[in-house]
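Student: Quick note, the sequences are listed as chains D and R, same order. Under the working numbering, the first residue of the first sequence is numbered 15, with each subsequent residue one higher. Under the working numbering, the first residue of the second sequence is numbered 15, with each subsequent residue one higher.
Worth flagging that the hints you see were computed from the coordinates, not collected in a lab. This list has only true hints and no planted wrong ones.
Because identical chains cannot be distinguished in the list, a pair is counted as satisfied if it fits within a single copy or across any two copies.
Computed cross-link-like contacts, DSSO-like style, restricted to lysine-lysine with a CA-CA straight-line distance of at most 27 Å:
hint: 1; residue 1: K76; residue 2: K147
hint: 2; residue 1: K147; residue 2: K37
hint: 3; residue 1: K37; residue 2: K102
hint: 4; residue 1: K225; residue 2: K102
hint: 5; residue 1: K324; residue 2: K37
hint: 6; residue 1: K175; residue 2: K294
hint: 7; residue 1: K100; residue 2: K294
hint: 8; residue 1: K37; residue 2: K76
hint: 9; residue 1: K175; residue 2: K324
hint: 10; residue 1: K175; residue 2: K225
2 protein chains.
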Amino acid sequence: MENTTITLAHGAGGRQTAELIEKVFARHFSNPELTSDDAAVLSVGRENIAFTTDGFIVSPWKFPGGNIGKLSICGTVNDLACMGAKPKYLSCAAVIEEGFPLENLEEIVSAMGETAREAGIRIVAGDTKVAGKGQVDHIFLTTTGIGELLPGVRPRGAGAKPGDAIIVTGDIGRHGCSILLARNDFHITADVKSDCAPLWPVVEAALHAEKEIHTIRDATRGGVGTVLYEVAGQSGLGIRLNADAIPVDPAVQGVCGMLGLEPLYLACEGRLVMFVPPQKAQDVLIALHQMEHSRNAAIIGEATCEHPGKVVVTTGIGTQTLLPAPGGELLPRIC
Amino acid sequence: MENTTITLAHGAGGRQTAELIEKVFARHFSNPELTSDDAAVLSVGRENIAFTTDGFIVSPWKFPGGNIGKLSICGTVNDLACMGAKPKYLSCAAVIEEGFPLENLEEIVSAMGETAREAGIRIVAGDTKVAGKGQVDHIFLTTTGIGELLPGVRPRGAGAKPGDAIIVTGDIGRHGCSILLARNDFHITADVKSDCAPLWPVVEAALHAEKEIHTIRDATRGGVGTVLYEVAGQSGLGIRLNADAIPVDPAVQGVCGMLGLEPLYLACEGRLVMFVPPQKAQDVLIALHQMEHSRNAAIIGEATCEHPGKVVVTTGIGTQTLLPAPGGELLPRIC
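Only chain D is shown next, with the shape it has when bound in the complex (with noise of 0.2 Å):
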């Protein structure tokens, strides 16, 4: 690698994480069971498991749409949903910063309870650490999901297949966009709220019209994008993008016109993107239009033989671009 310590990049999900795994975590662990896909697939005797961890860090704890808490539920559920599993237990590890206020933390403890409940996955098991004033900032939490697999079905990135029809299930990068917001770098002001989302019901309801979803991925750090650059390299196919196709939130490209960000590359912490024969597009669509998280599914793009391992954008007027390849960090502590 070329850095000798950590940078923020290793922490974005993009290349340099990909790195940091493969010639740090993944060498030292390895064994046949260790996943690159979101959750790992186990046998615990006689049935199979899905088995999923996150740690997060988002910066505020607070945000329009959500704090940490909530967020520690959905980015574990939803990973597990990806897999076609039913998230059925969780673990929570929080280490807090000594002087966190005990509001604070109720609220942040509250939204988990609720979210969990929403879910339908029970918190069975859990950890509290306090780190002294200054060694943690405010509070980081660490969840731990175990779902139950949906038989017959196994959603992949290497299972997608060229023709797939590209969905994703509502308009994209308002976490990123709200989180960007609620930091007030920028000093701009818009109306945009989090995503943030558990996401069964929306994978249950798609696998329920077609069970031969070939990729179900959640798109947090990194973005709709990075997801897209990931599946490519996966099955090695390429990815072309329908511009106008794509949801925004208007106020959200208003934001990403003003400060010249890629919406693709905004995290969402409650959109999916599922890669589905064609011919099954529709049925899937019209399900995902019936549930609250996915009223406005669409439509973006397809999978391609052709330029493998590339994502293309297609505009109005026909003129083709090469979305840039996922690179550093877009905004850190996102999740």
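Given the coordinates of chain D, work out where chain R should sit on it, guided by the hints.
Tutor: For chain R alone, coordinates are given in the frame of chain D:
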């Protein structure tokens, strides 16, 4: 609660931690599977599993006898072992400070891999986050483990019975003492290594000798004294300790003498406390003496019907003293 902000005592594993968990976390997470034991026991289809999580924020991250990586595997493996569960799968989430040297990360991750192999557990899922300089102190880890419950075995705090022999699996307080010395706040030099070790083989050997061990607990934060008070509370029994039987390394005893510390309240990371039916105590002891990490196991006392909820220490000359109940933080960031 008497405080309106989080204090270090809330993270010390004693009374205030219990209060925080009960009044904030348990209140919002309430469900039948939420555990107050070392791990939750869950049903997944036709199987039962043990599930536990632990955050590690030890400072310094490296100490004689181990580092935060080794500790993060031992802590979770031992929590599973205490439930009579064979450690099977583990996830790891890391939060790393920007600027942390890669070679240090390599050392930590390498220790994790090595300890996981020794413990027979597979690291199957992970997450990496990076926080800016000064937003996290070096590196924090959270590990979460899944274990296979041995059939017919369910040791727990409430299971202790009057007359049970109380065994510790080795000399106590070495982890806490080694951290204290590594910080060098007191400018004391002594040759003390952490006892940090994965203990499933120790538990397996003990359970092989006697299936009906009533209670198995690992004495981490808060040390053996805190575990004894917890078991006394859960079982409604009293505990009588024989002061002369408690194994303490002379170097640890020396440091404790200089600083006025009670070894019973120093953290261990490789020591178990067991409550064993008295007629089986010698069999268990003999089995423990065969194992690398419990060669110096000793019977240190017994459970009684007298003075319920209290721990009384008897000396060689027959005097009795009440072990003070666990209080606030002895040493912060011990694990």
